[in-house]
Amino acid sequence: LVDEAARRRAEWALIRRMNKSFEGPVDALINWRFSMRITRLLARCSLAVTPNHVTITAILIGLCASWIASRSGYAGFALAGVLLEVNSILDSVDGELARLRYQYSKVGQWLDNLSDDIVDNLFIVAVGVGLGGVWPWLGLGAAGGRVLVSLTTYVSVYRQTGTGDVFAFRWWFETGKATADDVYDPTSPITWLRSFGRRDTYVFVWMVALVAGFPPWVVCHGLVIAAVNVALLVLHFTVFRNRRAAAE
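Residue 32 is where the sequence shown starts when you use our numbering, and the numbers rise one by one after that.
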């Protein structure tokens, strides 16, 4: 590296390689422009900021977003949506920083995944509370369905791998796929279809809906995702049960 400009280019080239190869569309098109700049700043920072520190910061921002959403009003909903998107961007930063510094840990993995589920489910309920009427109950229904799917996924993955890596979960039609890169093949129509249920996508959609003044979309979208995933879960276990019965 002959000068400072060359060093900065090399640094940026290294950080640009810290993304997941199977990232969602919003992460790939929008969020990385913010997350990787934050990652670069933290990598240069003299303070000993770890990926878990970033995750905890993201959790606090997500909880703040949920509280604000529960207070109702256009300004509150809009601000809550923006804060949740900040949470989503930081959700990329902790992983990028972990890969950059080789600071992987099972605790960090569990903290990251569980916090995403907790924040998102609280946010759906909070928006329902902010809307009032029947919406809090619809929000609870959406959150309940999502919790059921998440718990089942975590238990299944932990039994198979001993980790909390949700990307290790395989639906019945994915059993022959060894890696997450195989599952999230960008050339597959299924990958693009399932992108609507990935966190980077739906959090961004929620933010747009809240800023546009349509908060019911958050609860409705949460209900749709929950219903689809619960239906897939029932079908998943039905298929595996039939396969076991046929093999006996």
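What the hints contain is simulated information worked out from the structure, not anything from laboratory work. One thing to keep in mind: the hints can contain errors.
[As the list claims (entries may be wrong)] Just the calculated beta-carbon pair ranges, DEER-fashion:
hint: 1; residue 1: 261; residue 2: 42; range: 18 to 28 angstroms
hint: 2; residue 1: 275; residue 2: 72; range: 47 to 57 angstroms
hint: 3; residue 1: 77; residue 2: 255; range: 41 to 51 angstroms
hint: 4; residue 1: 247; residue 2: 77; range: 41 to 51 angstroms
hint: 5; residue 1: 43; residue 2: 198; range: 41 to 51 angstroms
hint: 6; residue 1: 190; residue 2: 259; range: 15 to 25 angstroms
Beta carbons are placed, not taken as given, at the ideal position from N, Cα and C, and that holds for glycine.
If you test the structure against every hint from before, which numbers come out violated? Violated hints: 1, 5; rest satisfied.
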